[in-house]
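With chain H fixed as given, assemble chain C onto it according to the hints.
2 protein chains.
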Amino acid sequence: MLTSLKEKIFCAGANIRMLAAASHPWKVNFCKFTNETRNGMEDASANSGQAYLAALNGTASGGGYELALACEHIMLIDDRSSTVALPELPLLGVLPGTGGLTRVVDKRHVRRDLADYFATKSEGVGGQRAAAWKLVDEAVPRPGWDQAVAERAAELASRSGRPAGARGIALTPLAKRRDDDRIGYPHVSAALDRAAGTATITITGPEQEAPPDAVAIHEAGASFWTLAMTRELDDLILDLRSNELEIGTWVIKTAGEAERVLAWDQLLLDQSGDWLANEIVHYLKRTLKRLDVTSRSLIALIEPGSCFAGSLLELALAADRSYMLSGVFEETGAAAARAAVTVGAMNLGPLPMGNGLTRLQTRFLGDDAAQAAAADRAGRPLEAEAAERLGLVTFAPDDIDWDEEVRIAVEERSSFSPDALTGLEANYRFAGPETIETKIFGRLSAWQNWIFNRPNASGPDGALRRFGTGQRAHFDRKRV
Amino acid sequence: MLTSLKEKIFCAGANIRMLAAASHPWKVNFCKFTNETRNGMEDASANSGQAYLAALNGTASGGGYELALACEHIMLIDDRSSTVALPELPLLGVLPGTGGLTRVVDKRHVRRDLADYFATKSEGVGGQRAAAWKLVDEAVPRPGWDQAVAERAAELASRSGRPAGARGIALTPLAKRRDDDRIGYPHVSAALDRAAGTATITITGPEQEAPPDAVAIHEAGASFWTLAMTRELDDLILDLRSNELEIGTWVIKTAGEAERVLAWDQLLLDQSGDWLANEIVHYLKRTLKRLDVTSRSLIALIEPGSCFAGSLLELALAADRSYMLSGVFEETGAAAARAAVTVGAMNLGPLPMGNGLTRLQTRFLGDDAAQAAAADRAGRPLEAEAAERLGLVTFAPDDIDWDEEVRIAVEERSSFSPDALTGLEANYRFAGPETIETKIFGRLSAWQNWIFNRPNASGPDGALRRFGTGQRAHFDRKRV
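Protein chains in written order, with numbering that gives the first Met the number 0: chain H, 0 to 479; chain C, 0 to 479.
Extracted from the complex, chain H is given alone in its bound form (with noise of 0.2 Å):
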């Protein structure tokens, strides 16, 4: 479903999507990638002249209903038996995690005791008390249903700003090799090492010069580098995420040429008109909001050879720590080239985190001088002494100290408990201002992770394990 709602982003011209409620209850979701797909719906709809419509025709209960919340208009069907509901907390014992409480009272205004009310009562709430509860925003008559359906999407598609004619892309299948220990794409590979329980990942920058020109941007289509290396980091993020539970440490790589990434960044920034060419800005946006809520360690390790620059340098200032080679190698002696980064425009604004603040921005919260001094370095590599200075790095060891202090980091992380790793990760990576987005995958989702693995909902007698036995729950009344 992910991959759908994906690829649809994609698709210009169609404006509207339409998610119709079955007629039977929807059952409740709570597989965790629907929530960032929700939020990929909204930001869809602020950034790419998209609306979402829910037309409720029937009960939309728990992850339906949730999906409703994450569009920008709901509709919901007035036949008195047709309802809203989140049933989580009165059936299973616990919440609706997915961003339900926090859209119902930050995104849609619901007040607070209402939404009590609302989240106790485990068949919802239907017809003109849903609207005037600001629940749904309109609850309408089964006789005129698809006509005002019929209108309201005319409406949202009317007040859309996309191009009417522009053609698609094709989104090709993704060249991925997946070997026990390898994962492969043609910019984007990952080496695993279970053992040590690290991935090590490797981006590699534009293998040609940017091209001119808008036109060129939608002739490569899928291939075009930050489209393509976008979708395959994509996709390994989800495949690690998903499949590798107990790899804790992703390390961070790059190859390539710095000055080639900074052209193709602003090739994409100068053709912000054009609907491709932004809405591959947003899905690299996107994306690196994803590794910012993964729950693993990241250490970029900024070497000879790569390329942390502009949109690349964000996976440096999106890692818990960066590990920047002062100086150069023995082996390939003292003429070689030494490592840099490079501030680019991607870094000044096009790609904040969730907290609506960029990286350095996040960085340096509540130092403004420390942000401007790094600011005012754009364009300009910075090797490993400036780079440590201007605080864009971590640590800047030399040849004699590198393969200690990076092993030392990395075992290390392994060792600690990959509860507590999570919870300082996250804490500290959306430091500053919050936002609904941070309300979700901060609060909520420490919450509910929190809530599952109480013995109230999880354990024998556990409101999960009893839900549909026939069964009541037991619960340790202690309140904590």
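Don't read these hints as lab results, they were simulated from the structure.
Since the list can't tell identical chains apart, any single copy or any two copies may satisfy a pair.
Pairs of lysine-lysine, DSSO-like flavour, derived with a Cα cap of 30 Å:
#	residue 1	residue 2
1	K284	K477
2	K477	K175
3	K284	K106
Leaving out everything else, chain C in the frame of chain H:
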């Protein structure tokens, strides 16, 4: 400890608290209320002209460093051995869960990658490196230590606007009576029903007319109604939270004359330039915040004879739901006085929640018109229909439905998972903007609760159980 700190807040004149770490490392302190204590320290600093200076002449580790983080200024002795440290993650497999992570990055603006390194080093960071990373404000060599601390204390004291010659008031012991099923004070009482899992709390309004001026406030001292009532409520909240874990629902009532409550409120606000009046309002604010972060379901019952007005209306606004009787109870006859609520000046600014908004603003988040409509009615008693129409109460059943509706709401609450309720309520209570406070009490507390409950921390082979045994913890390495 909480009590002693709290009591100190009322000692005018003494402007500096010095917290000197012992020369041996502080023990990590997981006690929950120390978190609120620290919050109280920061709140007091912001509002009472107090300043907290942490003078660390030894290692401050875990809870010791967390206490220092709550201060305005941290001095660390630079002696090549003293450090500050958050060793919870490497030593115990949990997080520094009482605000440490948030205060490091959001309050002190330690760069997040350096903060990451810091929280993985059980030995901590000391000397000039600690100062350069902003973990402390200054590292001072031993020869000049005493003098530097004295100077810094004098500087902080000179900035205080508190009156130098003011006399404090005596905080006399609370007149508390605690029976098995009843807790009583002069203005606050609680009837406990352990079988039902409920505490019915009644707060009584002032019995006299409001005194005329600030002199009268000082003369009344600890017996001044607002201060006395708040101290009793504060004590009751802590008592129930600490000792009655299975009493999950607090039913909140008031009794008295609304006009008097408003008059006492007004006196305090008129005298806000007086240090004691100022302290009392901030103490009431903190106590209401304590209610907000209490993991119990709060249901307000608004009946004839109640006085939910101004400061006491905050109790109903803090509740997860409120029920207000429409009309009169049949047994009292149609001529009896009806229940009313009254918005007052205390609801419009002086008592903000942790999110920085008033409870009215939080209630009407995103609906400025509804908020303005409620504020416009300030000073006028509102009966049930008006209060419900304005959105000030959740439901307004009449005598026929009252008993049944209230009974169902309360009984139903006891049937739900207490964990899920805690999560639900915490999410709903803090809609809107986030602050360091909401981060600490929302997200970080949630993470910490989750991590403590995971087998990796508290299972038979978990880090918390194994700590000090000489055996290493065994971790399930899956990241979730």
